[in-house]
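Chains as they are written, first to last, in my numbering: chain A, 1 to 131; chain B, 1 to 660.
Mixed in with the good hints, there may be bad ones.
[Unchecked claim] When the alpha-carbon atoms are kept at most 25 Å apart in a straight line, the in silico SDA-like pairs for lysine to any residue are as follows:
hint, chain 1, residue 1, chain 2, residue 2
1, B, 122, B, 145
2, B, 158, A, 46
3, B, 158, A, 18
4, B, 122, B, 52
[Claimed, not checked] Partial selection, computed: residues in chain B whose CB lies under 10 Å from chain A:
hint, residue
5, 110
6, 112
7, 130
8, 133
9, 147
10, 159
11, 168
12, 184
13, 186
14, 628
Calculated directly from the structure, the hints in this document are not laboratory data.
Note that beta-carbon positions come from the ideal geometry of N, C-alpha and C, so glycine has one too.
Each chain is listed here by its residues.
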Amino acid sequence: MLDLIAALNTVALVALVHSGRDGIPRILLTLGFAMFVPGRAIVTNWPRMSRWSEAAVTVTLSLAVLTLAAMISLWAHLWHPVGMFYGAAALCLAGLIVGEVRRRWPTKPPVESPSPPAGSAAGAHGAEADD
Amino acid sequence: MTDARTLQAGAATTTPDVVSRTWLKAGLAHVSTILVPVSLGLWAYGVRHAKAGRLGPFGLPAVLPVVFYVGVALLIISIGFELAQSKLRPWRLALHAVALVVMLYGTAPLVYPAGRYSWLYKTIGVVQYVNAHGQLNRFIDIYQNWPGFFALTAWFDKVAGVSSPLVYAKWSQLVVELAALPLLYLCYGALRLPERQRWVAMLLYSGSNWIAQDYFSPQALGTLLSLGIAAITLRWLYAGNLAGTPFGNLRRLRRRPRPTESPDEAEPEHKRMNAVKSFLTFWRPGRTHREFAPFSAVVLLIFFVLTFTHELSPYLLIVQFGLLAVLGFVRPRWLPVAFAAIAVAYLVPRFAFVNSHYGVLKSIGAFFSNATPPSFNSGTQPLSQRVIQYSADLLSAFVWGLALLGAWLRRRSGRTVVTLLVLTFAPFFVLGLVAYGNEGLLRVYLFSLPWAAALAAAVLAPVPATDVGKGPRWKAMRRLAAPVLGTGRRVQALAVPLALGIAVALFFPAFFGDDYFNRMPMGQVSAITTFLTVAQPGPIYTPVANSAPMADTARYSQFPEHDIFGPFGVLGRKHVTLDVAKELAADANTLVGAHRAAYVLITSGMLHYIRSYGLAPPHDVSTLLKSMRRSHLWRRVRVHQPGVQLYELPPIANALPARQ
Numbered sequence: 001m002l003d004l005i006a007a008l009n010t011v012a013l014v015a016l017v018h019s020g021r022d023g024i025p026r027i028l029l030t031l032g033f034a035m036f037v038p039g040r041a042i043v044t045n046w047p048r049m050s051r052w053s054e055a056a057v058t059v060t061l062s063l064a065v066l067t068l069a070a071m072i073s074l075w076a077h078l079w080h081p082v083g084m085f086y087g088a089a090a091l092c093l094a095g096l097i098v099g100e101v102r103r104r105w106p107t108k109p110p111v112e113s114p115s116p117p118a119g120s121a122a123g124a125h126g127a128e129a130d131d
Numbered sequence: 001m002t003d004a005r006t007l008q009a010g011a012a013t014t015t016p017d018v019v020s021r022t023w024l025k026a027g028l029a030h031v032s033t034i035l036v037p038v039s040l041g042l043w044a045y046g047v048r049h050a051k052a053g054r055l056g057p058f059g060l061p062a063v064l065p066v067v068f069y070v071g072v073a074l075l076i077i078s079i080g081f082e083l084a085q086s087k088l089r090p091w092r093l094a095l096h097a098v099a100l101v102v103m104l105y106g107t108a109p110l111v112y113p114a115g116r117y118s119w120l121y122k123t124i125g126v127v128q129y130v131n132a133h134g135q136l137n138r139f140i141d142i143y144q145n146w147p148g149f150f151a152l153t154a155w156f157d158k159v160a161g162v163s164s165p166l167v168y169a170k171w172s173q174l175v176v177e178l179a180a181l182p183l184l185y186l187c188y189g190a191l192r193l194p195e196r197q198r199w200v201a202m203l204l205y206s207g208s209n210w211i212a213q214d215y216f217s218p219q220a221l222g223t224l225l226s227l228g229i230a231a232i233t234l235r236w237l238y239a240g241n242l243a244g245t246p247f248g249n250l251r252r253l254r255r256r257p258r259p260t261e262s263p264d265e266a267e268p269e270h271k272r273m274n275a276v277k278s279f280l281t282f283w284r285p286g287r288t289h290r291e292f293a294p295f296s297a298v299v300l301l302i303f304f305v306l307t308f309t310h311e312l313s314p315y316l317l318i319v320q321f322g323l324l325a326v327l328g329f330v331r332p333r334w335l336p337v338a339f340a341a342i343a344v345a346y347l348v349p350r351f352a353f354v355n356s357h358y359g360v361l362k363s364i365g366a367f368f369s370n371a372t373p374p375s376f377n378s379g380t381q382p383l384s385q386r387v388i389q390y391s392a393d394l395l396s397a398f399v400w401g402l403a404l405l406g407a408w409l410r411r412r413s414g415r416t417v418v419t420l421l422v423l424t425f426a427p428f429f430v431l432g433l434v435a436y437g438n439e440g441l442l443r444v445y446l447f448s449l450p451w452a453a454a455l456a457a458a459v460l461a462p463v464p465a466t467d468v469g470k471g472p473r474w475k476a477m478r479r480l481a482a483p484v485l486g487t488g489r490r491v492q493a494l495a496v497p498l499a500l501g502i503a504v505a506l507f508f509p510a511f512f513g514d515d516y517f518n519r520m521p522m523g524q525v526s527a528i529t530t531f532l533t534v535a536q537p538g539p540i541y542t543p544v545a546n547s548a549p550m551a552d553t554a555r556y557s558q559f560p561e562h563d564i565f566g567p568f569g570v571l572g573r574k575h576v577t578l579d580v581a582k583e584l585a586a587d588a589n590t591l592v593g594a595h596r597a598a599y600v601l602i603t604s605g606m607l608h609y610i611r612s613y614g615l616a617p618p619h620d621v622s623t624l625l626k627s628m629r630r631s632h633l634w635r636r637v638r639v640h641q642p643g644v645q646l647y648e649l650p651p652i653a654n655a656l657p658a659r660q
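Only chain B is shown next, with the shape it has when bound in the complex (with noise of 0.2 Å):
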């Protein structure tokens, strides 16, 4: 029989058909060798002629030329191609990775000539406060009370021979994600989802990272330091699956075998004994506990170092690995608490300053509330923030279903299916106790995606029909799949491109979206940074907060900013009149006395970022306009900057709205 097989499988291999097959399988297999370096050159000469002075209210994606999405759209043709070999290529799925990785997060440092976001100036100032002074000030604001991240960069600045983070800061997104990626493949394989899966899951958590909360920033860094911990827990702590180890061997010994069970279903003798072999060689009295004891001190450690880095971070870690040791998944059970100790214990001196500022105690169990995405707190938007916010929201949505439907498919994998579905979404329960300024959501997002994206690579990349549960119970179940999933490599072929193409077609509005207010001329910068560095102190009046590139001097702290319109402006909910100046003038003598300077900033930034939220009527912007140009008491300080305008109350005019 075998030989009548061979000799007619010799014969078919002569025939025309076979060899071009062939050919096509060899051609196929070395599409990715010809389409990743066509796609990153298309990449690269689309981000060449970006028209990144032209940007509208649509952003970044709307001035990137039509070849810019061709060189994507063909990364991600080839990452299909590449998923669909029968035998996994490590090196080249990691070169897609990184490729994808290199144009969602290196096209923003490379179009712009500063890093994006005012925000980002903020975390500079840090920085060079502590290299400037060498120390710390914990009534300054929250980040000097959770200094980790500034004391790595500012230690970063002094041995890289930069005089200012600004070199380098745009860069940190980029960084930040492909250091992230080796991670990602150390949890899944921790979890050990299957090869195919863990590559999926990696590019679907780079391609839906729509939060940009790996910007320059401690949460950066905390991203980072969870992602460790979590591998190094999930690897050597974790209680998961105990098919395939020495326990899970011995209980499978332990069966018996059912009544309905054929012979050939059941366990083999000589697999049976590897078992036994197996768990007498691994299984020693009382030699676990001491031989994973350093693991557990170094996963501590790290813990420690993510409590003073950042302040929301520990706590999410702490509510998704606590629920796995109450479900007896973590060992020791201790951790978590150990966690929750370390992260109590240095709050605890901090905590007056927080509540005082943020209003911690009120955020408690307003779950709602504290769910509120930022974006709704603002008036009426327009088109463009509408069709920006959709996709990020649809993004989310997006994830978190296939997340669920990946629940769905794995949910006879037992613990695995389990750790995934809580580690996805235990960060909501964060929700309920603190709104972390209406970011909260995006925080739960952040630490849900890398197991959300793992759980919907169970979608998209299924395992093999030989998997689809054992035993005689679902021998039909098996006959039936097998047609389907023969093909499931042709079917991936086209799932993950689709989905990864759809998840990618959202990022693009969600992440670059907001360029026309979050993108800092380069100019802009180096005017403000060289005028807060020789300004007398003095607060800064601007028409809304978080709109330009401040305070990324060491002296930041000496220029407070007020915002003039929003909910929190200085003029509240009052008609704007031409004595608007006046008025500024008014406050800054109460704020700080006769005796010092006070500031308006204006930039074009902040005029988009009103437009773009609708947070004062176009009539009031101009209003404020006109009256700071016709004021006596503010002087107009020369910036020799397009865009930005800037008045300053000398201390002796500063005096002179009181005394009217």
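The following block holds chain A by itself, in its conformation from the complex (with noise of 0.2 Å):
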């Protein structure tokens, strides 16, 4: 679910971005994409830290991965911003597909992880899902 939602916000504000039109609905995909997207498509890519959290970690790597490739694009005097979040969206779509088909069709029988031992407190190392 939250995959999908990371998608439709990224195909969303590459349609809008590319046909040009400006308003509050493309700063708040904007937004979304920002806080969310990158974040989500190396989530779903990792089972553990998947596990223990779906959408409140992204935050952090979504601002952390973007304000780095932005930098990098600055450094480099490459600064080409909407040419770099075509590359993002890009990345961040191709990572959400790749994350739903290893879900869909695992390789492998997952490895098991961790679990929380009987009669131990919640949250400790083996236990999952925060939130």
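With the hints as a guide, bring the two chains together.
In structure tokens, the structure reads:
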């Protein structure tokens, strides 16, 4: 579901940027992309991280990845924000699709992650899905 | 016996008293269903009818209608009801947390058409510079030396199709505080705080973050990155309480029963076996470090981004996690060393610039001078400013006081309480190194707050009676505590809203009190922005620094700002006479020569600021205004905006004072 939302956000934003339409929807979609999509594309391919946090950690990861990409393009004197966005969108969509494919058609049985020991408090090292 | 109890219970349920009690319980469970929409409605009505045009020395709180406060109070009462439920309902609590953040941080952007704080406009200028030039100039200012935030927002503007961050910057505080909520929840979950305490801590954090570092700025992004680093580190790289982990279970397994321990308190056999199984499943030699290496790598990557985003945040994290590593709570222990290496490697080539502008070397070791808050530098303050300042101080003391009390109550929770204490109070060490423009204490509060709120939550939402110490030594204590803590939820139903109410009551003057001069009228913003877009480059003299929406264009570096009054002002401590206009013209001539323009900008916000902080006697201000009006050297620029006086010293006239 979150992957689908991320993919739809990306596709809609690409369409708006490509068509050159400005306005509040474009600003909100950009905010959604900047705070969610790249992180989601990473988390969806990282089962342990994903089991711990489906959505929250994606905020930090998204902001970090995009800030790093923007800085690299500034340092390299290759400042093309819209071009960078298209590249990031393509990578994110690829990541989201790969994550979905891996989940639907796993190539090998999932590695058993450490489960919470019986009788232990919730949230121990084995506990998952905090958000 | 069991049958008899069941029969008695069955009989009891038929009495009208129990039926009404059941109905009451069901009704109380749905109080929030009514209270939340009502409170939001009242708040929205209050925002709509706020008299923002009549702001006085007490800022926004004085012009908000009573219904606004009734709305906020109802939400806090609803939070109390929700936290008093025997089984917490996360979606409802999340709704309450979001509603509280919207009420506290969404009010200003709805009431004011333009973003608050003059310094916000400087960050907008840097973003505009990045987009206009596509590169940085490290010699302009400190922002261009730590440009991560500006690169991200410049990229954002192009993708969002906006010409300037002015369009959306005022919403930054709301977005940042909303984004912080899930990250806080992760952090508290990683520390294995009880569910109720996590929610209380999150609510308290939102209700007491008065220092407003969440505006459109590098430190706002730094806060989100720092919380993410903390969450991942505490979850995956933290050797916290071993209880509950396979390692902890193994340790428990090895523990010999105490001689006084009764058989029913000893570890049951099947639990011991489960502990062995879980340990054998989990632990294989050499596996742990390899498994957690990706998390270390991600944390280092985010830290690297943080390093070039904000100049102070990395060092606060280094101190916090460095101390935890020294105590052996963070693994691998080299992680803070790697943090420090990244931060220092980035700082070294920029150190000369930073030191020459901010005197870093001078402030090392000057703890007490570094810890002095900014307001202490000004002269006599009026009552309004003292009330605002006391509110902020009281709120900080309230949160830190509750944190210390919470630490005492949680003193038996081992590493968790030590970790929280370290994270809460370690940022104070940074005050021994830097003054940070007398804002060091504010940043300490910002970095301390998430963890102080977590400790405070232990006071407001204590653990159930069953957790009051274990073993025979605590048997008597448990028996004593049971009647009190048995009604724990009822106590919490009062304690949480009361504490949150106190925090929010102090938050309003502390956060909105300075809006008398922090609010930027849209007309002034537009007028000054338009002027700076077309004017010839030159210095701008202002009565005081940082009190007008200046520097929000890509040309911001061409208009350096100079104060007229104040400790660093052009006039110094000189007596102000009617020749002040001539003196300013002479200063401009010395500064930029005869062939460049210079400006004097006076706004209503600046005059409010001077009055509020007592930076100059009223007579001096009126003399300046009179002198500027009468001056033949300065030409009044027509701005068509009430509250703005702009004077230009044309390049030719600029040469006159020196000749005279």
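**Asked** Honestly, which of those hints from before does the structure not fit?
**Response** 2, 5, 6, 14
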